[in-house]
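Trainee: This is what each chain is made of:
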Amino acid sequence: MSGVQTSPDFQAVSLRDVEALSDFYAEPDWMRAARRDAWTLAQDIPLPHQKEEAWRRIPLHRYPLDSLRVARMSRERTALDDLPPCWHYTMAPEDLVSGTLVHCNDVNSYQAMRPEDLRSGVVFDTLHRALPTHGDLIRRYWMQGRTTRPDFNKLTALHAALWHGGTFVYVPAGVRVSRPLQSLLAYDVDSGSGLHHTLIIAEKGSRVSLIQDRVSQERRPELNLEMVEIYAEEGAWVRYASFQHWGKARYSLSVQEANLARDANFLWINGALGGQMNKEFLSTSLNEPGARAQMYGYAFAVGEQHIDQSTYQHHRAPNTYSNLLYRNVLRDQARTVFYGMIRAEQEAAGMEGYQANNNLLLSDAHAYSIPGLEIRCNDVRCSHGSTTSRIDPQQLFYLQARGLPTRDAEGLIVQGFLRSVVERVPLAYMRDRLEEEIIQRFWAHV
Amino acid sequence: MEPVTLEIRDLHVNVEGKEILKGVSLVVRQGETHALMGPNGSGKSTLSYALMGHPHYEVTKGDVLINGESLLSLPPDERARRGLFLAMQYPVSVSGVTLQSFLHAATSAVRGYGDKAQTGARGWLNAHLIPLREFRKELNEDLDRLKMDPAFLQRYLNEGFSGGEKKRAEVLQMALLKPKFAILDETDSGLDIDAIRIVSENVNRLQQELTMGILVITHYQRLLNYIYPQFVHIFYEGRIFQSGDASLVDVLEEKGYDWVKDEVAQGTAAARS
Chain Y
1 MSGVQTSPDF
11 QAVSLRDVEA
21 LSDFYAEPDW
31 MRAARRDAWT
41 LAQDIPLPHQ
51 KEEAWRRIPL
61 HRYPLDSLRV
71 ARMSRERTAL
81 DDLPPCWHYT
91 MAPEDLVSGT
101 LVHCNDVNSY
111 QAMRPEDLRS
121 GVVFDTLHRA
131 LPTHGDLIRR
141 YWMQGRTTRP
151 DFNKLTALHA
161 ALWHGGTFVY
171 VPAGVRVSRP
181 LQSLLAYDVD
191 SGSGLHHTLI
201 IAEKGSRVSL
211 IQDRVSQERR
221 PELNLEMVEI
231 YAEEGAWVRY
241 ASFQHWGKAR
251 YSLSVQEANL
261 ARDANFLWIN
271 GALGGQMNKE
281 FLSTSLNEPG
291 ARAQMYGYAF
301 AVGEQHIDQS
311 TYQHHRAPNT
321 YSNLLYRNVL
331 RDQARTVFYG
341 MIRAEQEAAG
351 MEGYQANNNL
361 LLSDAHAYSI
371 PGLEIRCNDV
381 RCSHGSTTSR
391 IDPQQLFYLQ
401 ARGLPTRDAE
411 GLIVQGFLRS
421 VVERVPLAYM
431 RDRLEEEIIQ
441 RFWAHV
Chain D
1 MEPVTLEIRD
11 LHVNVEGKEI
21 LKGVSLVVRQ
31 GETHALMGPN
41 GSGKSTLSYA
51 LMGHPHYEVT
61 KGDVLINGES
71 LLSLPPDERA
81 RRGLFLAMQY
91 PVSVSGVTLQ
101 SFLHAATSAV
111 RGYGDKAQTG
121 ARGWLNAHLI
131 PLREFRKELN
141 EDLDRLKMDP
151 AFLQRYLNEG
161 FSGGEKKRAE
171 VLQMALLKPK
181 FAILDETDSG
191 LDIDAIRIVS
201 ENVNRLQQEL
211 TMGILVITHY
221 QRLLNYIYPQ
231 FVHIFYEGRI
241 FQSGDASLVD
251 VLEEKGYDWV
261 KDEVAQGTAA
271 ARS
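Residue numbers (my numbering), protein chains in the order written: chain Y, 1 to 446; chain D, 1 to 273.
Calculated directly from the structure, the hints in this document are not laboratory data.
As the structure is a computational prediction, the values presented were derived from the model and not from experiment.
Just so you know, even glycine gets a beta-carbon here, dropped at the ideal spot from N, CA and C.
Careful, some of the hints might be misleading.
Simulated restraints, written as ranges between beta carbons of each label pair [stated by the list, open to error]:
id, chain 1, residue 1, chain 2, residue 2, range
1, Y, 364, D, 22, 32 to 40 Å
2, Y, 95, D, 160, 31 to 39 Å
3, Y, 429, D, 151, 42 to 50 Å
4, D, 56, Y, 364, 17 to 25 Å
5, Y, 407, D, 150, 51 to 59 Å
6, Y, 82, D, 56, 55 to 63 Å
7, Y, 364, D, 55, 18 to 26 Å
For the chain Y half of the interface with chain D, some residues (derived, Cβ under 7 Å), not all of them [claimed, not checked]:
id, residue
8, 394
9, 395
10, 402
11, 403
12, 404
13, 416
14, 417
15, 420
16, 424
17, 426
Sample of chain D residues with no beta-carbon within 12 Å of chain Y, all distances over it, derived [to be verified]:
id, residue
18, 15
19, 105
20, 133
21, 194
22, 221
23, 228
24, 250
25, 255
26, 257
Please build the complete structure, drawing on both the sequences and the hints.
Mentor: See below:
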């Protein structure tokens, strides 16, 4: 009966928590079964080993695995103004967006949408509320990715069993959501672990942008096991801007994957600023001809932070295009890992894949950069490159000679360095806010 | 009232252990225009960088003072705030920093807005900046005078700028920072005749408005047809070889720098015998 034992690494959860979630949200049978199967799977798979390439540079043994637990559940919804003010800063005013969805401790606490988008059939709500109404649709897509599946590793299996709180975006065929949607995941000191699941389904020819922010405050080390699934059907345009501003004691594993159908267009911006340790799997699968993806990311790591990102550009069809740019700034004893892979399958002739990772060091911090190519077809255009450098003394002198004190000049250079990523963010309001966050981070703990 | 002076006293400067400036002395008063002319490799640019405080240039002896206050212990930004400006021969590009945000930050810093930011707690991010509306008004006027397209402001600092665009951007900075003393280091290099005219007209106008002291560093006399110096110094092998009035420009135009070389060689020989 070893298959049903509680894993010694995760003392605080059991099959009872799995059942309690299904009961509390009155889930359909297929979801109950999916959770239970995932739980069983989680017992069978060992933790990822540090010998595996993707886990080599992140000390998983320092993750507070035994803290994994499900938050207290409640169905109360509040007004936006009831949220702690310290969380408001991440959100754009509601008149700039088509909808707002807020989760506190993985419990939905606010939801609003513009009537015109609601009328065209767009769904922007918590997964728990969508399951009864859009169950069959969700089931068709549920955890179907290469990485966004229960058996990717033990932690994704646990996520599949215990996921709690979910952002669901559904855009019917041909519908264009007029403004970006925004989703906030907030965790306060009473939170359980983060177990959020995000699912975006953009039907044929539809258009949608989602901006998703993550904030937290912890009393003690907390775990975040998160998953994001994006499906862009034929000719759909999807933009996903994802930012984490985790508190100092959060240890996160986030598995995110986009699957693109024929001629789908995907823009991805990933901003990593907070947390103690972060491991992110960020994959795009270009499954059908003509699919195009742009993947941008930035990280600003300080103190003892680890930000470790494995990106994957998976070309599985002819004439697909992907372009990736990840830029990291490091200070103090921080560490970043960029492990980037472009893989072109046999049937991906005529593909183009580009990848660049640039790191800017403000101290003797260490930036690992491991770009890779796996090409199994002919007629490809591929390039990858990485640089790691310090602030250019000539730039510094030039700015100083114009009256800017050293620190101000360095701050301007850092902002400039990250701007090529930030400028891709869909909403001007958000760009300004991110710029502000970057410069505040630059000035913090001087 | 005595005019403000920029005084260079017996300045010796090493670059990577090698002495490049071997005792330069020069006094520029506000409102005066000096030209420092010399062949390539004579140390002209070393002088301009050393005056601005580039860390690569080591002052081993002598002093640089504005109105009696030594600049040597000050970093470049403090020198800029004391009224010194260097229009560089090769302006550096900074990716991701728009010309406007840079000008806004620099102008605010030189005018002392940065000091206010230290005290402001909330909303501090913009407390160190001149209010944008006020700044844009001033900026637009200066752009207009330099015949620069406002679209320039959204381009990244000097990135992909043509030679002429870079030099206009340098003069635009000068106009906003309003220095007491400006050093123009080979400002005419890479400029066509129209650009030289616009640049020099604006330098001359700023000199009038600000009673600015100017030190034009140049190899050729071309720029001096537009910015007229009252004082001309011939610079050779890290020293001022000879000083005089504007007529020296004509002497150089006629005879080149070879006669300087010959006279220096003779002088050295005479000293030996």
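Trainee: For every hint, state whether the structure bears it out.
Mentor: How the hints compare with the structure:
Take residue 364 of chain Y and residue 22 of chain D: their Cβ atoms lie about 39 Å apart, and the range 32 to 40 Å holds. Taken as a hint, the range 31 to 39 Å holds for the pair residue 95 of chain Y and residue 160 of chain D, whose Cβ atoms sit roughly 37 Å apart. Between residue 429 of chain Y and residue 151 of chain D the beta carbon distance is about 23 Å. The supplied range of 42 to 50 Å is therefore violated. Range check, residue 56 of chain D to residue 364 of chain Y: about 22 Å between beta-carbon atoms, so the 17 to 25 Å window is met.
A hinted range of 51 to 59 Å for the beta carbons of residue 407 of chain Y and residue 150 of chain D is inconsistent with their spacing of about 30 Å. Between residue 82 of chain Y and residue 56 of chain D the CB atoms are about 57 Å apart, so this pair conforms to the stated range of 55 to 63 Å. The hint said 18 to 26 Å for the Cβ distance between residue 364 of chain Y and residue 55 of chain D, and at roughly 20 Å that hint holds. Because the closest C-beta pair between residue 394 of chain Y and chain D is about 5 Å apart, less than 7 Å, the hint holds.
For the restraint placing residue 395 of chain Y at the interface with chain D, the shortest Cβ-Cβ distance is roughly 5 Å, inside the 7 Å limit, so the hint holds. Checking residue 402 of chain Y against chain D by beta carbon gives a least distance of about 4 Å; that is within 7 Å, so the hint holds. Taken as an interface hint, residue 403 of chain Y checks out: its beta carbon lies about 4 Å from the nearest beta carbon of chain D, inside 7 Å. For the restraint placing residue 404 of chain Y at the interface with chain D, the shortest Cβ-Cβ distance is roughly 5 Å, inside the 7 Å limit, so the hint holds.
Interface restraint check: residue 416 of chain Y against chain D, minimum CB-CB distance 3 Å, threshold 7 Å, status holds. With a cut of 7 Å, the hint placing residue 417 of chain Y at the interface with chain D holds, because the nearest CB-to-CB distance is about 6 Å. Checking residue 420 of chain Y against chain D by beta carbon gives a least distance of about 6 Å; that is within 7 Å, so the hint holds. A least Cβ separation of about 12 Å between residue 424 of chain Y and chain D goes past the 7 Å threshold, and the interface hint is therefore violated.
The closest approach between the C-beta of residue 426 of chain Y and any C-beta of chain D is roughly 19 Å, which is over the 7 Å cut-off, so the hint fails. The Cβ of residue 15 of chain D sits about 14 Å from the closest Cβ of chain Y, beyond the 12 Å cut-off, so the non-interface label holds. For residue 105 of chain D, the condition that its CB be more than 12 Å from all CB atoms of chain Y is violated, with the nearest at approximately 6 Å. No Cβ of chain Y approaches the Cβ of residue 133 of chain D within 12 Å, the least distance being about 17 Å, so the stated non-interface status holds.
The claim that residue 194 of chain D lies off the interface holds: its Cβ sits roughly 26 Å from the closest Cβ of chain Y, which is beyond the 12 Å cut-off. With a closest Cβ-Cβ approach of about 27 Å to chain Y, residue 221 of chain D is found to remain outside the 12 Å limit, as its non-interface label requires. Remark: the non-interface label on residue 228 of chain D is consistent with the geometry, its nearest Cβ contact in chain Y lying 26 Å away (cut-off 12 Å). The beta carbon of residue 250 of chain D sits about 33 Å from the closest Cβ of chain Y, which is more than 12 Å, so the claim that it is off the interface holds.
Distance to chain Y confirms residue 255 of chain D as a non-interface residue, since its nearest Cβ pair spans about 35 Å, more than 12 Å. With 12 Å as the threshold on Cβ separation, the claim that residue 257 of chain D sits away from chain Y holds: the shortest Cβ distance comes to roughly 29 Å.
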